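Participant: Listed here are the chains, written in short residue letters.
Number of protein chains: 2
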Amino acid sequence: MAETLAEKLEKSNLGHWMARFEGFMVFVGVVGPFATLPQLVKLYFTHSQHATGQSLLSWSLYAALSMLWFIYGMIVGKLPIYVGNGISMILNLLMVIGILIHAGVTF
Amino acid sequence: MAETLAEKLEKSNLGHWMARFEGFMVFVGVVGPFATLPQLVKLYFTHSQHATGQSLLSWSLYAALSMLWFIYGMIVGKLPIYVGNGISMILNLLMVIGILIHAGVTF
Chain A
-7 MAETLAEKLE
3 KSNLGHWMAR
13 FEGFMVFVGV
23 VGPFATLPQL
33 VKLYFTHSQH
43 ATGQSLLSWS
53 LYAALSMLWF
63 IYGMIVGKLP
73 IYVGNGISMI
83 LNLLMVIGIL
93 IHAGVTF
Chain B
-7 MAETLAEKLE
3 KSNLGHWMAR
13 FEGFMVFVGV
23 VGPFATLPQL
33 VKLYFTHSQH
43 ATGQSLLSWS
53 LYAALSMLWF
63 IYGMIVGKLP
73 IYVGNGISMI
83 LNLLMVIGIL
93 IHAGVTF
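First to last, the protein sequences are chains A and B. Just so we're aligned: 70 in the working numbering is position 78 of the first sequence, and the numbers increase by one with no gaps anywhere. Just so we're aligned: 68 in the working numbering is position 76 of the second sequence, and the numbers increase by one with no gaps anywhere.
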């Protein structure tokens, strides 16, 4: 099998940087889900009258997908997978609830 | 180190189901990003007048995060990571562009 770029990097004197990048991605996986917070602020507090522009279908799928990744992460025992997706799951469910409250059933 | 649930499952007669679940999650990783399509339809076609309810900050962060995962997936040579996140990156960028067109600069 062909070597991946990561394997080549690890053998070179860039291996040091690859390890840092891996660590950074663990950070990204855990902190990234909080990117949904501004969207939640708009939905619940500042722009509730525009809630009907939010797709209930998209956010329900995001909630279901993050739940699957959360379960998968727990089973394979990978903290960066289940912590980040656990946070996503909660925030996505809050989006679903907010859309139902402020716009009702929509697509 | 403690065995993960996945390792215990693989040794048991449930190992068969674990392999199926892994395959299913590869499918989820690639098809999941298309969950954004209904949101794009609302933003561009049916509910453009509610574009200001979309968070430019959240969608810009999603675009940046999916780009990071795309690059990471390419470097470590994992197709389920870079294909899914490559699709996400494109759809998230389309959300950013749509918000800028229909709502202008917002938070």
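Among the clues, some could well be false.
Identical copies look the same in the list; a pair holds intra-copy or inter-copy alike.
[Claimed, not checked] Distance condition first, Cα-Cα at most 20 Å in a straight line; then the derived EDC-like pairs of lysine to aspartate or glutamate:
no., residue 1, residue 2
1, Lys70, Glu14
2, Lys70, Glu(-5)
3, Lys0, Glu14
Calculated from the structure, these hints are not laboratory results. Quick caveat: nothing in here was measured; it's all calculated off a predicted structure.
Participant: Does the structure break any of the earlier hints, and which numbers would those be?
Facilitator: Violated hints: none at all, because every hint is consistent with the structure.
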